[in-house]
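J.: Which chain is which? The protein sequence lines are A and B, in order. According to the working numbering, the residues represented by the first sequence are 1 to 219, in order. According to the working numbering, the residues represented by the second sequence are 220 to 418, in order.
It cannot be assumed that every hint is accurate.
[Unchecked claim] Here are the computed distance ranges between Cβ atoms for each label pair:
| no. | chain 1 | residue 1 | chain 2 | residue 2 | range |
| --- | --- | --- | --- | --- | --- |
| 1 | A | Gln35 | B | Asp333 | 41 to 47 Å |
| 2 | A | Gln32 | B | Arg374 | 28 to 34 Å |
| 3 | A | Gln35 | B | Lys304 | 37 to 43 Å |
| 4 | A | Gly155 | B | Asp333 | 34 to 40 Å |
| 5 | A | Gln203 | B | Leu278 | 26 to 32 Å |
| 6 | A | Glu45 | B | Arg273 | 20 to 26 Å |
| 7 | B | Val312 | A | Ala135 | 40 to 46 Å |
| 8 | A | Pro33 | B | Glu379 | 37 to 43 Å |
| 9 | A | Gln203 | B | Glu265 | 46 to 52 Å |
| 10 | A | Ala143 | B | Ile383 | 20 to 26 Å |
| 11 | A | Arg52 | B | Arg384 | 32 to 38 Å |
| 12 | B | Phe335 | A | Arg211 | 26 to 32 Å |
| 13 | B | Arg264 | A | Arg211 | 32 to 38 Å |
| 14 | B | Glu265 | A | Arg47 | 47 to 53 Å |
Treat the hints as calculated values from the structure; they're not laboratory data. Cβ atoms here follow ideal geometry from the backbone N, Cα and C, with glycine treated the same way.
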Amino acid sequence: MRAMSPLTLVVASKNYSSWSLRPYLALAHTGQPFQEVVIPLDTPETRELIARHSPSGRLPLLKHGDLSIWDSLAICEYLAETFPEAHLWPQERVARAVARSVTAEMHSSFTKLREHMGMNLRARRPGQGRVPGVAEDIARIQALWTDCRARFGQGGPFLFGAHFTIADAFFTPVATRFVTYDVALEPVSAAYRDTLLSQPAYQKWAEAGLREPPVAKYE
Amino acid sequence: MVVEEPELGKLSAILFTGIEAAGRQSWRDEALQQVVRDEHAVLVRELLPRHGGREVKRLEDGFLLEFEGGLAAVDFGLELQQALKVHNDVVAVERRVVMRVGVHLGVVVHRDGDVFGEGVNLAARIEALARPGTLYVSETVARQVEGQLESPPVRLGRGEMKNIRLPVAVYRIDPPEHRRRQPWLSRVRSLLSRNTSAH
Numbered sequence: 001m002r003a004m005s006p007l008t009l010v011v012a013s014k015n016y017s018s019w020s021l022r023p024y025l026a027l028a029h030t031g032q033p034f035q036e037v038v039i040p041l042d043t044p045e046t047r048e049l050i051a052r053h054s055p056s057g058r059l060p061l062l063k064h065g066d067l068s069i070w071d072s073l074a075i076c077e078y079l080a081e082t083f084p085e086a087h088l089w090p091q092e093r094v095a096r097a098v099a100r101s102v103t104a105e106m107h108s109s110f111t112k113l114r115e116h117m118g119m120n121l122r123a124r125r126p127g128q129g130r131v132p133g134v135a136e137d138i139a140r141i142q143a144l145w146t147d148c149r150a151r152f153g154q155g156g157p158f159l160f161g162a163h164f165t166i167a168d169a170f171f172t173p174v175a176t177r178f179v180t181y182d183v184a185l186e187p188v189s190a191a192y193r194d195t196l197l198s199q200p201a202y203q204k205w206a207e208a209g210l211r212e213p214p215v216a217k218y219e
Numbered sequence: 220m221v222v223e224e225p226e227l228g229k230l231s232a233i234l235f236t237g238i239e240a241a242g243r244q245s246w247r248d249e250a251l252q253q254v255v256r257d258e259h260a261v262l263v264r265e266l267l268p269r270h271g272g273r274e275v276k277r278l279e280d281g282f283l284l285e286f287e288g289g290l291a292a293v294d295f296g297l298e299l300q301q302a303l304k305v306h307n308d309v310v311a312v313e314r315r316v317v318m319r320v321g322v323h324l325g326v327v328v329h330r331d332g333d334v335f336g337e338g339v340n341l342a343a344r345i346e347a348l349a350r351p352g353t354l355y356v357s358e359t360v361a362r363q364v365e366g367q368l369e370s371p372p373v374r375l376g377r378g379e380m381k382n383i384r385l386p387v388a389v390y391r392i393d394p395p396e397h398r399r400r401q402p403w404l405s406r407v408r409s410l411l412s413r414n415t416s417a418h
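Just chain A, same shape as in the assembly (with noise of 0.2 Å):
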């Protein structure tokens, strides 16, 4: 009865929050109706309209029926068991393990490139960003996206093939950065991220994120 009952999520600004893009796109090609919230981030208001859905206080939050979900890996595993047919992980048990490794890697990793290459779909900020690290970061994302693609990905334009996966969702943010800062990218790279940014959930997003008013904090 779950799987029928309403989905919200409930995400920070989209001109920014990277965590909460990821979820969303999830949830996106699931093919569920859901209604979205809208957290602006930084205003007087944003920690109590936080509080007011997220007990833990953390943003993105799924809400399924009475069920709460916070962090975006947490909501992407539980949206891929409760739709298994929207295949959000590969269905081969290795294409699987290494989704899953990949996946975790960049939830827990790249914090140079996190730290010095913010999300910020409305900015252009080429050559910003290069401090020590970052450049590690970046070769070892494109090594990933590399590998990925000529193993699993001859399906299909994605990572693992023919179907958008989770890998796929928490990699967006990171093809939205290579754009705002003008990272030069290897052939391979540079299709995987244009595969990307046209997929038409990923610019329904960055609509309404180029829309959002400027956050000063980040900006």
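Starting from the known structure of chain A, fit chain B onto it as the hints suggest.
T.: Okay, now just chain B, sitting in the frame of chain A:
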């Protein structure tokens, strides 16, 4: 002096056209070649605004064009192919042409009216790969137009991609079997027939 700021990182559909003489012939002389190139330009510039496209630049035997999305680019490419068929019907045999079209959707950088980036290179490589008279697109474009065309994109087989290394799969899009009646085709005829008797 106004210096245009580069516009960085915009997702655009990039389309290349390339023409050559029909029937594997070569042009009789440079004057004829120029006439045919100019006729191609007339068609491109006539149809482009209908699809919201932008002429980035004219090349020796074709054009580099930019569109907001893959569907607009593909619609334009198919309509241009159709217009070329009309062109070939009304001009002398020696002025008949075939055209290759290649489309990719990718992040491009705008500078001084031109476009740059890996996406532009990829679109050019796809156009070069296309057989004369066909329209080839990257998988990124094929996905975007899926379900919106009369003829679904057909993925190229391994044989067609032999010894060709591209970072994306390539699809062929065939013209619709049942041509729609296009009121602008009569205008194409009129535009082209002005020169028909001259060559």
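J.: Taking the hints in turn, state whether each one holds.
T.: Results for each hint:
no., hint, in the structure
1, Gln35(A) / Asp333(B): 41 to 47 Å, "holds, 44 Å"
2, Gln32(A) / Arg374(B): 28 to 34 Å, "holds, 29 Å"
3, Gln35(A) / Lys304(B): 37 to 43 Å, "violated, 50 Å"
4, Gly155(A) / Asp333(B): 34 to 40 Å, "holds, 35 Å"
5, Gln203(A) / Leu278(B): 26 to 32 Å, "holds, 30 Å"
6, Glu45(A) / Arg273(B): 20 to 26 Å, "violated, 43 Å"
7, Val312(B) / Ala135(A): 40 to 46 Å, "violated, 58 Å"
8, Pro33(A) / Glu379(B): 37 to 43 Å, "holds, 41 Å"
9, Gln203(A) / Glu265(B): 46 to 52 Å, "violated, 30 Å"
10, Ala143(A) / Ile383(B): 20 to 26 Å, "holds, 24 Å"
11, Arg52(A) / Arg384(B): 32 to 38 Å, "violated, 53 Å"
12, Phe335(B) / Arg211(A): 26 to 32 Å, "holds, 28 Å"
13, Arg264(B) / Arg211(A): 32 to 38 Å, "holds, 34 Å"
14, Glu265(B) / Arg47(A): 47 to 53 Å, "violated, 58 Å"
When the structure is compared with the earlier hints, violations turn up for hints 3, 6, 7, 9, 11 and 14 and for no others.
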